[in-house]
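Protein chains in written order, with our numbering: chain A, 1 to 331; chain B, 332 to 674.
None of these hints come from the bench; they were simulated from the model. Ideal Cβ positions, reconstructed from N, Cα and C, are used throughout, including at glycine. Mixed in with the good hints, there may be bad ones.
What the hints assert, rightly or not - Chain B regions said to be covered by chain A (calculated; three or more residues, Cβ under 8 angstroms):
hint, region
1, 482–488
2, 518–528
3, 540–548
4, 560–571
5, 580–588
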Amino acid sequence: MSADVLLHADNVVKHFGSARRGPLVRAVDGVSLTVHRGETVGLVGETGCGKSTLARCLTRLYELSSGTVRFAGRDISQLSRRQLAPVRRDLQMIFQDPYGSLNPRRRVGSIIGDPFAIHGVADGPERRRRVQDLMRLVGLNPEHYNRYPSEFSGGQRQRIGVARAVALHPQLVVCDEPVSALDVSIQAQVINLLDDLQHELGLAYLFISHDLSVVRHVSDRVAVMYLGQVVETAPARQLYDHPRHPYTAALLSAAPVADPDLADRRERILITGDVPSPVAPPSGCRFHPRCPKAQHRCTAEAPALLARDPADAAHLTACHFPVGDLSELVP
Amino acid sequence: MSLLDVHELSVAFPTSDGLVRAVRGMSFGVDAGQTLGIVGESGSGKSVAAMALLGLSRGATVSGSAVFAGTDLLSMAEPDLRAVRGARIAMVFQDPLSSLHPLYPIGWQITETIRAHTATGRRAARERAVDLLGMVGIAQPRQRIDDYPHQFSGGMRQRVMIAMALALNPDIVVADEPTTALDTTVQAQILDLLRRLRSELGMALIIITHDLGVIAQTADEVLVMYAGRVAESAERRDLFYRSHHPYTLGLLASVPSAVGTGRLHPIAGQPPSPIRLPPGCPFAPRCTYRMSRCAAEEPPLLPVAGGDGHRSACWLPADAVGSTAPAQQARFAAVRDSGQVTT
Chain A
1 MSADVLLHAD NVVKHFGSAR RGPLVRAVDG VSLTVHRGET VGLVGETGCG
51 KSTLARCLTR LYELSSGTVR FAGRDISQLS RRQLAPVRRD LQMIFQDPYG
101 SLNPRRRVGS IIGDPFAIHG VADGPERRRR VQDLMRLVGL NPEHYNRYPS
151 EFSGGQRQRI GVARAVALHP QLVVCDEPVS ALDVSIQAQV INLLDDLQHE
201 LGLAYLFISH DLSVVRHVSD RVAVMYLGQV VETAPARQLY DHPRHPYTAA
251 LLSAAPVADP DLADRRERIL ITGDVPSPVA PPSGCRFHPR CPKAQHRCTA
301 EAPALLARDP ADAAHLTACH FPVGDLSELV P
Chain B
332 MSLLDVHELS VAFPTSDGLV RAVRGMSFGV DAGQTLGIVG ESGSGKSVAA
382 MALLGLSRGA TVSGSAVFAG TDLLSMAEPD LRAVRGARIA MVFQDPLSSL
432 HPLYPIGWQI TETIRAHTAT GRRAARERAV DLLGMVGIAQ PRQRIDDYPH
482 QFSGGMRQRV MIAMALALNP DIVVADEPTT ALDTTVQAQI LDLLRRLRSE
532 LGMALIIITH DLGVIAQTAD EVLVMYAGRV AESAERRDLF YRSHHPYTLG
582 LLASVPSAVG TGRLHPIAGQ PPSPIRLPPG CPFAPRCTYR MSRCAAEEPP
632 LLPVAGGDGH RSACWLPADA VGSTAPAQQA RFAAVRDSGQ VTT
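Isolated chain A, as found in the complex (with noise of 0.2 angstroms):
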């Protein structure tokens, strides 16, 4: 494994529930994930596809049903609670509710030094002081530390839940649906501030979202999920332009566009139904009863995500018969 890698995800399993009471629910289903130092990778899928149960995983807020997580070279999988507190120092995570994810009783300057106070590390005028500084780099006003959450608004909480993952300057932040819960034009601010603090910080992303573009604005790789597995990952601009997987290509053609005249051009794959359950997935290839090419063998051997051109070993595709061009797709 090459050295700037820094978390690894190897066959990553959580399945919710137990055989004993009922069917399991195969939230995440065998997902593998790299995360290189100050990278920023996109995870894309819809709903119940699993993203936010692996961030948990990885972050190890959920226990894994079985797989390992290796971060910053060391199997953090099955380490207790008291071993993952100095892991936690460099892995930190932002909430997708500004509103749920800070206590509203406690003062904005207090939240933000938790890390500060939990690892030990500052106290006194000095946390105050790193607070405020923090406070000054997201761009809140170091004036209002003793505020409370409820008086600011969603785009400035987002901001304390960022001054609080980077507080004590991590390897990486996994930041599931950061800015889903903002107006667009808070939300662009958002972003910015995530793209200045990596460059500042060396800061390494995993960046979640159902929103198609702000992945594609932020990230260097993507991977795209369906019902619990990843079913293609490549660098940002090869997925988005030479997208393999037809899940893929329709996920990107039915993503509205703000510009009438690419909207209007487009070709659009309509795929038809809705995401089955995780309960239940489809055997063979997940995708095989909503996808147009789809054939026998889909629906009986499950593909493996691959390389599917010796030329681009970075672009896998786990898809027995990867787009070659988009207009296969089109009725």
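Since the structure of chain A is provided, determine the placement of chain B on it from the hints.
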């Protein structure tokens, strides 16, 4: 004369913190077979305006007029309005799970709508419901009509909501964030369905959304709302390619483009509180083109040069459109440097 003519609609809610002026003098018209897109961020007044038209804004002070088929909806008595609402003007809401009753089968809910408004027999209403479900793309409608909302997925529930809205062949369907709760691939299906039904049934469609992408692919005419006012109104392509209002420009610059990966240009600051609106133009405190006049006088919706029906509530010159072009950038810089700016 449009199918619906809204003139100077204002909606205010008295609260303990003061008067919330949610909508302030909004005017627009919508014609049969046309899709009007209303776009704005949270709190811009876009949903409140639609609710007020249908008499669904309880406790609010509503003024202005909204003439539909020769009568003013805003001065109509409740029983008369009931005959219009749901029958001639129907609504599709964002969240189909909370707008469908969880304890009644969907068929019952559709037939109830039909029977509340027309003298249709039980059996005929049920047949109509089956037809409607088929029309909106529910497979095997006859088998599914007695299923409950929880037995459908989010996208299917939204189809049921649309079937219910179409039950009485409305003249206008108001869809408030109809796809916001849905996934990308399902969103595309629902938008396609709405577009197809609009052209097949010839109704007018009003789509309220925060998503410029949805607007770009569905609307004929667009209203951009800011702080309770229409900031800009234009035909779809004019709005995107010849924007005039700095807020519209700011919104477009905030959205990651489908091709480039350059840095985003967000609008600084945040929208004003609808209780304490700034004097003059409500966007002035965030506006890069701010002039001294902007803080003093609120600009009315004025015609923009070159676009038919293109209007913008901004004091910038009428021909200052599409400032993404270098020439326009220079022009704006000139306006700014001419000493009219207070920054």
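Cβ contact check, 8 angstroms cutoff: the region 540–548 of chain B against chain A, three residues minimum: Coverage by chain A holds for the region 540–548 of chain B (8 residues, Cβ < 8 angstroms).
Per-stretch coverage check for the region 580–588 of chain B, three Cβ contacts closer than 8 angstroms to chain A: With 8 residues closer than 8 angstroms to chain A, the region 580–588 of chain B meets the three-residue bar; holds.
Three-residue Cβ test at 8 angstroms for the coverage of the region 482–488 of chain B by chain A: holds (count 4)
Claimed coverage, the region 560–571 of chain B by chain A - three or more beta carbons nearer than 8 angstroms: holds (count 3)
Verdict on chain A covering the region 518–528 of chain B, criterion of 3 CB contacts below 8 angstroms: Holds, because 5 residues of the region 518–528 of chain B bring their Cβ atoms closer than 8 angstroms to Cβ atoms of chain A.
Of the hints listed earlier, there is not a single one the structure fails to meet.
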